[in-house]
Each structure stands twice: as C-alpha cells, then as structure tokens.
Amino acid sequence: MKKSLIALAVLASAAGLASAQSSVTLFGIVDATVNHISNSGGASVTQLTNSGYNSSRLGFRGVEDLGGGNSASFWLEAGVNNDNGSGANTNLNNQPGAANSVGGGGLTFNRRSTVSLAGGWGELRLGRDYTPQFWNMTVFDPFGTNGIGTNLALTETSVPTAVRASNSIGYFLPANLGGFYGQVQYYLGERPNNTPNKDDGTGYGLRLGYANGPFDVAIASGRTKYLAGNADQSNIAGQWNFGVATLQAQYEWDKNTFYPGAAGANLKARGYLVGALVPVGPGQIRFSYAQYKIDAVAGTDPEAKKVALGYVHNLSKRTALYATYARVSNNSTSAIAAGGGAGNPGAGSSSNGYDLGIRHSF
Amino acid sequence: MKKSLIALAVLASAAGLASAQSSVTLFGIVDATVNHISNSGGASVTQLTNSGYNSSRLGFRGVEDLGGGNSASFWLEAGVNNDNGSGANTNLNNQPGAANSVGGGGLTFNRRSTVSLAGGWGELRLGRDYTPQFWNMTVFDPFGTNGIGTNLALTETSVPTAVRASNSIGYFLPANLGGFYGQVQYYLGERPNNTPNKDDGTGYGLRLGYANGPFDVAIASGRTKYLAGNADQSNIAGQWNFGVATLQAQYEWDKNTFYPGAAGANLKARGYLVGALVPVGPGQIRFSYAQYKIDAVAGTDPEAKKVALGYVHNLSKRTALYATYARVSNNSTSAIAAGGGAGNPGAGSSSNGYDLGIRHSF
Amino acid sequence: MKKSLIALAVLASAAGLASAQSSVTLFGIVDATVNHISNSGGASVTQLTNSGYNSSRLGFRGVEDLGGGNSASFWLEAGVNNDNGSGANTNLNNQPGAANSVGGGGLTFNRRSTVSLAGGWGELRLGRDYTPQFWNMTVFDPFGTNGIGTNLALTETSVPTAVRASNSIGYFLPANLGGFYGQVQYYLGERPNNTPNKDDGTGYGLRLGYANGPFDVAIASGRTKYLAGNADQSNIAGQWNFGVATLQAQYEWDKNTFYPGAAGANLKARGYLVGALVPVGPGQIRFSYAQYKIDAVAGTDPEAKKVALGYVHNLSKRTALYATYARVSNNSTSAIAAGGGAGNPGAGSSSNGYDLGIRHSF
Chain A
6 MKKSLIALAV LASAAGLASA QSSVTLFGIV DATVNHISNS GGASVTQLTN SGYNSSRLGF
66 RGVEDLGGGN SASFWLEAGV NNDNGSGANT NLNNQPGAAN SVGGGGLTFN RRSTVSLAGG
126 WGELRLGRDY TPQFWNMTVF DPFGTNGIGT NLALTETSVP TAVRASNSIG YFLPANLGGF
186 YGQVQYYLGE RPNNTPNKDD GTGYGLRLGY ANGPFDVAIA SGRTKYLAGN ADQSNIAGQW
246 NFGVATLQAQ YEWDKNTFYP GAAGANLKAR GYLVGALVPV GPGQIRFSYA QYKIDAVAGT
306 DPEAKKVALG YVHNLSKRTA LYATYARVSN NSTSAIAAGG GAGNPGAGSS SNGYDLGIRH
366 SF
Chain B
6 MKKSLIALAV LASAAGLASA QSSVTLFGIV DATVNHISNS GGASVTQLTN SGYNSSRLGF
66 RGVEDLGGGN SASFWLEAGV NNDNGSGANT NLNNQPGAAN SVGGGGLTFN RRSTVSLAGG
126 WGELRLGRDY TPQFWNMTVF DPFGTNGIGT NLALTETSVP TAVRASNSIG YFLPANLGGF
186 YGQVQYYLGE RPNNTPNKDD GTGYGLRLGY ANGPFDVAIA SGRTKYLAGN ADQSNIAGQW
246 NFGVATLQAQ YEWDKNTFYP GAAGANLKAR GYLVGALVPV GPGQIRFSYA QYKIDAVAGT
306 DPEAKKVALG YVHNLSKRTA LYATYARVSN NSTSAIAAGG GAGNPGAGSS SNGYDLGIRH
366 SF
Chain C
6 MKKSLIALAV LASAAGLASA QSSVTLFGIV DATVNHISNS GGASVTQLTN SGYNSSRLGF
66 RGVEDLGGGN SASFWLEAGV NNDNGSGANT NLNNQPGAAN SVGGGGLTFN RRSTVSLAGG
126 WGELRLGRDY TPQFWNMTVF DPFGTNGIGT NLALTETSVP TAVRASNSIG YFLPANLGGF
186 YGQVQYYLGE RPNNTPNKDD GTGYGLRLGY ANGPFDVAIA SGRTKYLAGN ADQSNIAGQW
246 NFGVATLQAQ YEWDKNTFYP GAAGANLKAR GYLVGALVPV GPGQIRFSYA QYKIDAVAGT
306 DPEAKKVALG YVHNLSKRTA LYATYARVSN NSTSAIAAGG GAGNPGAGSS SNGYDLGIRH
366 SF
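Listed in order, the protein sequences are those of chains A, B and C. For any residue, its number in the numbering used here is found by taking its place in the first sequence, counting from 1, and adding 5. For any residue, its number in the numbering used here is found by taking its place in the second sequence, counting from 1, and adding 5. For any residue, its number in the numbering used here is found by taking its place in the third sequence, counting from 1, and adding 5.
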C-alpha cells in the first residue's frame with residue numbers, strides 16, 4: 006500500500022490559475038507475479054497474475070493550499086491488471102448483481118475517486134473510498150490483503166462493500182489528537198424512497214484507534230443494508246513494533262456476511278489472525294496464521310485455517326522481488342482456496358500456492 | 006466549463022524530439038454533489054452524484070508550435086463519475102441503440118478526442134467533439150447545462166448528437182475577425198453506401214456569432230440524419246454583461262427531436278431561457294427560468310417550465326462550494342424531472358431538487 | 006511506431022523516494038484519417054478512422070536506475086480510437102471468444118502493460134506485450150502494419166496472439182552483442198491442469214536478428230496451442246538502407262492460422278512482401294507489394310495480392326500529413342478487403358481504398 010511520490014513540476018499557466026504551492030502527482034504500481042495454486046482435491050493452475058505484493062494501480066492526485074491551514078484535494082486511482090492490460094470493475098451503488106458492477110474490463114477509478122476539504126478540523130471526503138472496517142483489516146495484516154497470503158477473513162467475505170463503498174461521505178479526525186485517530190463513513194445505495202428495497206446498498210462504518218510509539222491499535226465496524234437484512238463486519242486489530250519484529254494481530258466478528266442469495270441469512274462468523282514482519286537486511290520476512298469459522302444454522306460449522314510465509318527483497322525503495330507461500334486447510338464443510346477465488350478446492354480439501362513476483366512503484 | 010491550466014514542465018528528451026515551446030497538460034475536474042430530488046407525484050431520492058457545477062473529467066492535451074503561426078494540437082478528455090469511480094460511455098457512430106454506446110462503465114475519451122491543425126486561417130479539427138448547436142446552448146446558460154439547474158431544452162432532447170458527435174471534421178474561424186466567430190462541423194455515421202440506412206448518424210452543424218465588449222450573441226443549427234427522417238436542433242442565444250449582472254437569454258426551435266422509436270416523428274418544439282449571473286464578493290448568484298413546449302400531432306401539447314436558483318462560493322480559483330435549487334412544473338402531458346432523467350415524475354407532476362457540492366479543478 | 010519522448014520533470018517528493026535519475030513519461034499519438042474503401046463487388050464506405058499512419062495511443066512509462074548497470078521499468082500503453090473516443094479491447098488469456106476479449110469500449114492497456122528488470126545480462130519482461138513473430142513483421146513493413154496499406158499477411162491472420170500475448174514472460178538479449186539481437190517469449194493461457202483444453206492460449210515465440218550498418222535481418226517464429234491444434238506463425242524479414250531508399254522484404258509461412266472454428270484446420274499459408282521507403286525532402290514515399298496464398302484442403306487455393314503506395318509529409322518531428330492508396334486483388338476463393346475487415350468484398354472482388362490523415366505524437 007506504500008507508494009513513492011513523484012511530484013510533477015507545475016509551472017504557472019498563461020491564465021495564472023496554478024499556484025506554486027499546488028501539485029498534481031501521477032503515481033502507480035506495476036506488480037507482476039508468477040502464481041501457482043494446487044488443491045489436494047484436484048486442479049492446479051499456473052498463472053501470471055498481478056498485485057501479489059501491492060495492488061497494481063495508476064493514479065492521479067493533487068492538493069491545493071487554500072490558506073489558513075485549509076486545503077482542497079482530489080484522488081483518482083484505477084486498478085490495473087497488468088498481466089493482461091485490463092482494468093478492474095467498480096460498483097455503482099454498493100449493491101450485488103452484475104448490473105451494478107461496471108467497467109467491462111476497461112479502466113475505472115475503482116480504487117478511489119474522491120474530492121476532499123481538509124483543515125485543523127479534520128477532513129471531509131466525498132466519493133468512492135475504502136470502508137473503515139476494511140482499512141483496519143488491511144493495515145494490520147502482514148500481507149496487506151494482497152497475493153497468495155491475503156487475509157483469510159477477507160477471502161471469506163463477499164459483500165460489495167467488503168473493501169470499498171461508492172457514494173460515500175466520510176469524515177476523518179485531524180492529526181495531533183494525542184495519538185487518537187478515527188473516521189466515520191456514510192454511503193448511499195441511491196434507491197428511490199418508495200421502493201421495497203429503498204435502503205439496498207446504504208450503510209455506514211467507523212474506525213477509532215490509538216497509536217503511540219511502537220504501539221498501534223484500532224477498532225472498526227460497519228453495516229450495509231440489504232432488502233433481506235444487514236451485512237455487518239467488525240474487527241479489532243493492532244501491532245507492536247519490537248524493533249527486531251513487528252507483531253500484528255486482529256480479531257473479526259461478522260454477521261450475515263453472506264448476503265441474501267448466497268449461502269444463507271443470519272450467519273455469524275468469527276476469525277482471528279496473528280502475524281509478524283521481521284526486517285532482514287534490505288528485506289523483510291512476513292508471516293501470518295489465521296482461522297475463520299462460520300456459525301452455521303445446521304450441520305458442521307465451516308472452518309478454514311491459513312498459514313502464509315513470505316520474503317520481500319527490496320532492490321530499492323521502489324522496486325522489490327518477493328516470494329510467498331500459503332496453505333489453507335478446510336474442514337469438511339469449508340472450501341476456501343489459497344489466494345481467494347482462483348482454483349477453488351472441494352470441501353475438506355487443502356489448497357497450496359505460491360507467488361514469485363516483482364513490484365515496481367512510481 | 007472553465008478549467009485551470011497546469012503546464013507540466015517539459016524537458017528535452019534524449020532523442021531531442023520535444024522542443025521548449027511544446028507542452029503537455031494534464032487537467033481535470035472532480036465535482037461531487039449531494040443531490041436530492043422529490044416529485045409531487047411520488048418518489049424522492051437522495052444521491053451522491055457528480056458534476057453538479059462543472060462536469061467531472063480527466064484530460065490530456067498539448068500544443069506544438071509548427072512555426073509561421075501554425076500549430077498542431079491534441080485533446081483527449083474523459084468523463085469521470087467520481088461518485089462511484091466509473092467512466093462515461095461514448096458513441097461510435099452518432100446512431101441510437103445500446104450497441105453504439107460503448108465503454109461499459111470504463112473510461113473513454115467521450116468528452117473530446119481530437120487532433121487539430123491551426124493557423125491564421127483558422128483551425129481544422131478531427132475526431133469526437135461538441136456539436137455547434139450544443140455549444141451555443143451551454144455557453145449562454147447560467148447553469149452551463151450541469152446539475153439540477155441544467156438547461157430544460159437539453160433535458161428534453163435525446164438524440165445521440167445532442168451534445169457531441171463522433172467522426173467529425175470541424176473548421177473554426179480564426180480570431181481577430183472584428184468580433185465575428187464561427188464554426189462548421191460535418192460528422193459521419195460510417196454506414197456502407199449500399200444499405201437502406203446509409204446516412205444514419207451523418208449530420209452537420211454550424212454556429213456564427215459576434216462579440217463586442219459586454220455584448221455576445223450567436224446562432225447555431227444542426228441536423229442529424231436517420232433512416233426515418235432528420236433530427237434538427239437550432240437556437241439563438243446571447244448575453245450582455247452590465248457589470249452588476251450578466252443577463253443571458255436563448256431561444257430554441259427543434260424538429261423531430263424525438264427520433265423514430267421515441268415519442269413520434271415530425272414533432273416540432275419551441276423553448277426559451279432567460280437567466281442571470283450576479284457577482285457577489287468571492288461568489289456568484291445564478292438564476293434561470295425556462296419553458297419548453299412540444300407541438301404534438303394530437304392531444305394536449307406537452308409543456309414544462311423550470312426555475313433554478315443557485316449560489317457558488319469560490320474558495321479559490323480552483324475550488325468552490327455551491328448550492329442549487331430547481332423546480333420543474335409539468336402540464337398534463339409532460340413528465341420532465343428536475344435535473345433530467347433521475348427520479349422521473351408522472352405526467353402533470355412537479356419535480357423539485359437541490360445540489361450541495363464541491364467543485365475542485367486541476 | 007516511433008514516438009517522441011517527453012520527459013516530465015521529476016522533483017524529489019517529501020518522502021524522498023524519487024531520485025533524480027528516475028523519470029516518468031507521459032506519451033501518446035493521436036492519428037486521425039479520412040478513409041474511403043470501395044469494392045468492385047459492391048459497397049463503399051467513407052469513415053473517419055484512426056491510426057492510418059501510426060497507432061493512436063496514450064501511455065505511461067518510466068525507468069528507475071538500480072545501480073550497477075541494472076534498472077527497473079514499467080510500461081502501460083492504451084490504444085485510443087480517437088475518431089470516437091473509445092478504447093481498444095485486450096485479451097485476458099490469449100484464447101478466442103468474446104468472453105476473453107474485454108474492455109467493452111473503455112480504455113485498457115491493451116498495447117502493452119509490463120514491468121521489467123534489465124542489466125548487462127539482458128531484460129526480463131512480464132505482462133502483456135507484442136509477440137516476437139509480430140514484431141518482426143511490423144518492423145520490416147513500409148506501412149508498419151497500419152492503415153489502408155497494412156501488411157497483407159497480418160490481415161489474413163485472426164489468432165488472438167497475432168499481435169500481442171497476455172500473461173507473458175519475455176527475455177531480451179542485451180545490446181552490444183556485435184550486432185546480434187533476439188528475444189524469447191512464453192505466455193500462459195492460465196487453464197487448470199485437469200481440463201481437456203488445459204493448454205488453450207499457452208504458447209511461445211522467439212526472434213533472432215543481426216544488424217550491421219545499413220543491413221538488418223531477422224527470423225521469428227511462434228506457436229499458440231488450442232484445444233484442436235496449434236497455430237504457428239513464422240517469418241524472415243530484413244532491410245537494406247541504400248541511402249536513396251531503404252528496401253524491405255519479408256517471407257511468411259503460417260500453419261493453421263485459422264484456428265478451429267474458423268475456415269478449417271491444418272491449413273498452410275505462404276506469403277511475401279517487398280517494399281521501399283524513399284526519403285523526399287521533409288517527407289517519405291512508401292511502397293509495398295505483397296502476396297498471400299492459403300494451401301486449401303480442397304478446391305482452389307485462396308490467394309490475394311496487394312499493392313500500396315503512400316506519401317508522408319513531416320510538418321515537424323511530431324506532426325505529419327499523409328496519404329496512402331492501396332488495392333487488394335482476390336482470386337475466386339479469396340475475399341480480403343484493403344485495410345482489413347471493414348467493407349469486406351465478395352470472393353473474387355478487388356478492394357480499393359485510401360487514407361488522408363494527420364499524425365500528431367507527444
């Protein structure tokens with residue numbers, strides 16, 4: 006998720022509208038991975054994928070100083086599938102269904118498209134943005150919800166707002182609150198008020214945290230409304246930097262994560278993750294172990310366990326080589342693949358995979 | 006429609022191909038709006054939309070000095086729906102039908118994609134561009150055909166070339182003609198000559214105006230051919246800047262605007278708009294009143310009336326806050342919504358709405 | 006295919022991650038053409054097209070110096086249909102079928118999306134890239150596989166990997182091998198290993214050449230696997246620069262180019278092209294003659310002949326006007342159009358066409 010910043014020199018235009026304090030930044034990441042997944046129950050596949058370490062993207066952003074400590078800014082960031090050149094879809098209204106997921110393989114600013122006003126009072130942000138509950142999950146994950154080692158709890162989630170929400174209005178607390186930080190977000194499904202599903206896709210989330218020196222902890226929770234009920238996601242997560250290693254942990258409790266039409270309503274689920282980031286010379290060892298269990302209405306509760314181990318070798322601040330291995334073990338009613346959807350194993354199977362990749366940022 | 010220019014510094018490349026006189030400009034607008042529409046007959050909806058004041062966009066343009074007063078230039082400009090990150094569709098051949106409207110929610114250079122040669126003799130421009138008849142309508146509209154206050158006559162129009170045309174060849178008169186200005190445009194539907202609808206999507210438009218000091222007036226007319234007849238749009242519009250206020254007015258006469266397959270052929274329509282822009286400190290009050298009436302073949306002629314009032318508060322030349330209120334009153338056979346298509350009222354209903362937004366340009 | 010380089014000034018960012026030796030380049034071409042095609046058997050059509058001289062595009066690329074002669078780089082390049090503002094589709098997995106061709110008219114990085122490591126040992130390149138066999142064909146074609154004069158052998162080819170391959174891993178020999186150059190490429194169809202068509206879309210290609218002063222020659226060959234067989238493309242091509250003219254020639258031998266589902270399996274085809282580029286003041290005359298014949302299983306072998314003549318007038322290094330005329334003559338079982346697919350003639354017909362265009366690069 007880290008990006009190098011490249012500030013493009015800005016000259017005063019003929020109209021004199023651009024000031025020296027303003028900047029527009031072109032930025033991005035191109036991350037390519039040789040990925041292999043094999044399942045105990047059957048299929049294996051070798052692919053060239055993207056975003057094994059950091060999500061591939063192309064973005065444009067800028068900040069304008071308004072004076073008095075205030076600023077205006079914009080951020081337009083598109084997901085790029087650099088293995089084949091296609092773009093990533095975005096979602097119009099936070100609702101499921103193919104008609105609401107648009108892009109068709111063309112570029113969209115699915116990752117973020119916002120305009121903000123900020124000052125000593127905090128930041129007001131409008132547009133498509135990460136949900137607070139996702140942000141808390143990815144920040145304290147050694148694998149940053151990317152690649153074969155991605156967060157197990159995220160893999161199990163399929164609501165459209167699991168990562169981002171469209172039509173959102175967000176507020177972020179200012180810095181310098183003695184270590185406290187936080188945000189609230191409200192997003193609109195944009196349905197007319199006289200329809201039965203008038204709240205479909207409407208929801209909210211919040212995050213509150215405290216960071217002090219080596220210590221950082223935060224709690225987040227969000228709810229998206231659907232015709233047949235709510236999808237709730239909550240988590241508490243944190244890290245402690247001991248110098249020789251940063252330890253990370255998170256605990257998730259979700260409800261009805263599988264929204265209506267999927268496996269069933271009113272499901273509860275619990276999961277946790279423990280991990281570590283260990284600096285080694287110019288590189289970093291990454292490790293995580295996670296469990297996720299769904300409280301099924303009947304029968305055996307589906308449960309998956311995941312272990313992931315990786316190494317990142319930095320050739321520079323912008324360019325890295327990396328390797329990751331991961332294994333998911335499923336119980337008799339669980340069918341989760343290492344790395345997410347691709348190469349889905351049968352229920353009760355284990356799934357193994359690795360990434361060998363290059364990450365280049367600009 | 007105004008944009009701040011950000012000239013990116015251009016260094017001579019290793020190949021020495023770029024000259025100091027040339028520039029490439031990255032530009033755009035991110036405009037987000039909390040929009041609410043309610044209709045007397047029923048539904049209301051609250052949305053986060055885009056382009057309430059100026060159309061959101063991302064563009065790339067540049068000019069090369071060819072010497073002798075001549076230049077070459079390009080302009081690639083994509084519409085951006087920054088509320089959800091998607092892009093806007095473009096039209097392949099100026100014809101109606103879903104197959105001709107492409108993009109699928111991905112970014113396209115739907116707003117403009119042109120290459121030009123220009124000199125003392127004027128400008129030759131090839132590609133996708135605004136039609137002259139639309140340009141005349143938007144320039145003299147206090148709300149610039151954007152947001153809840155958008156031009157009523159444009160709302161009533163549904164031909165693919167109402168705003169822009171693809172495959173166009175345009176010529177613009179040079180500046181310094183004593184205040185006279187003008188353009189002609191011809192666009193191709195690109196059908197083979199041995200098909201019954203060989204002219205579908207082919208058309209032309211022209212605009213001629215005169216500006217002198219506070220005074221500016223222009224007339225424009227365009228025709229697009231379809232299998233079952235022509236769609237004609239014409240208007241005359243102007244403004245006078247009195248210092249304390251700029252008054253604007255326009256009159257439109259359209260024919261068969263509802264092309265075959267829509268409400269009926271050979272319909273004639275008449276409309277007008279009067280408006281004002283009043284500078285108030287760092288801001289501007291905007292007002293318009295418009296009527297549009299269709300001369301129906303039988304029954305009561307559909308007629309709509311619209312009033313819009315707004316205020317723009319400039320935080321800087323690039324960033325503004327704005328609020329707009331608009332109301333459309335429909336007679337018994339008209340069903341036009343404030344702000345256009347969204348939240349369509351029943352025939353005879355009124356439609357009210359407002360925008361509260363931020364416009365940031367770069 | 007030549008592009009002018011515009012290096013954007015790069016300032017050190019606040020985070021200090023960007024170094025002075027690094028650069029990000031925004032580049033592109035906007036090429037618009039008035040194109041007319043008429044066939045002896047019937048239809049004619051006049052269009053505004055794009056890429057008559059050079060392929061229209063918008064791209065972002067950059068190089069990072071890693072020290073020790075090594076570097077990392079990225080290249081994201083999108084095809085742009087500037088006549089109507091749409092983008093070009095890309096292919097997910099090198100397989101035929103509409104579901105694998107994505108973009109929907111939105112922008113994709115279909116032309117190239119790669120990340121590379123390079124050094125004295127050569128270059129490793131991952132992503133979507135040209136195939137070696139196509140590269141050899143376009144480099145030694147006076148019309149560069151663009152516009153009405155485009156390479157006849159390419160027009161006859163319809164495999165998804167005829168020009169580029171997704172999910173590719175490429176290696177390029179370093180420069181300074183005494184004039185020898187070369188590359189190998191392997192690309193993945195990404196099918197699970199337990200499916201009947203597990204190799205669909207997987208393939209490889211290589212190219213080896215030698216250049217010395219005015220002389221340049223290279224051979225290339227590639228194979229893509231499909232369920233019902235292989236599609237092979239091979240060619241040998243070269244040029245000699247005599248000063249007053251550069252002569253070019255190529256010979257192609259293809260097998261089963263029409264992959265299963267098209268005209269038939271196990272077809273063999275042979276073709277050749279001879280051409281010349283003649284500098285004339287600030288311009289260049291271009292000429293080519295080509296034949297292509299398919300060894301049909303039964304009946305008359307389809308055979309087409311093409312002649313193309315054009316002139317490019319450079320207004321600057323970045324901007325050119327051009328005109329091209331081409332004629333394809335088909336025998337009784339061939340139905341190839343001048344310029345490719347548009348305005349397809351009947352079998353045995355001839356097809357004539359011309360381009361009149363502007364090419365502007367940045």
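Keep in mind that a hint or two might mislead.
Each pair may be met inside one copy or between any two copies, as identical chains are not told apart.
[Claimed, not checked] Straight-line alpha carbon distances no greater than 35 Å define the calculated DSBU-like cross-link-like pairs of lysine-lysine that follow:
#, residue 1, residue 2
1, Lys203, Lys310
2, Lys230, Lys322
3, Lys322, Lys203
4, Lys298, Lys203
The hints are simulated quantities; they were obtained by calculation from the structure and are not laboratory data.
Please sort Lys203 with Lys310 into within, between, both or neither, judging by C-alpha distance up to 35 Å. between (38 Å within a copy, 29 Å between copies)
State whether the alpha carbon distance between Lys322 and Lys203 is at most 35 Å within one copy, between copies, both, or neither. neither (48 Å within a copy, 39 Å between copies)
Within a copy, between copies, both or neither: where do Lys298 and Lys203 come within 35 Å Cα-Cα? both (32 Å within a copy, 34 Å between copies)
At most 35 Å between CA atoms: does that hold for Lys230 and Lys322 within a copy, between copies, both, or neither? neither (42 Å within a copy, 40 Å between copies)
In the structure shown, a violation is registered for the earlier hints numbered 2 and 3, in ascending order.
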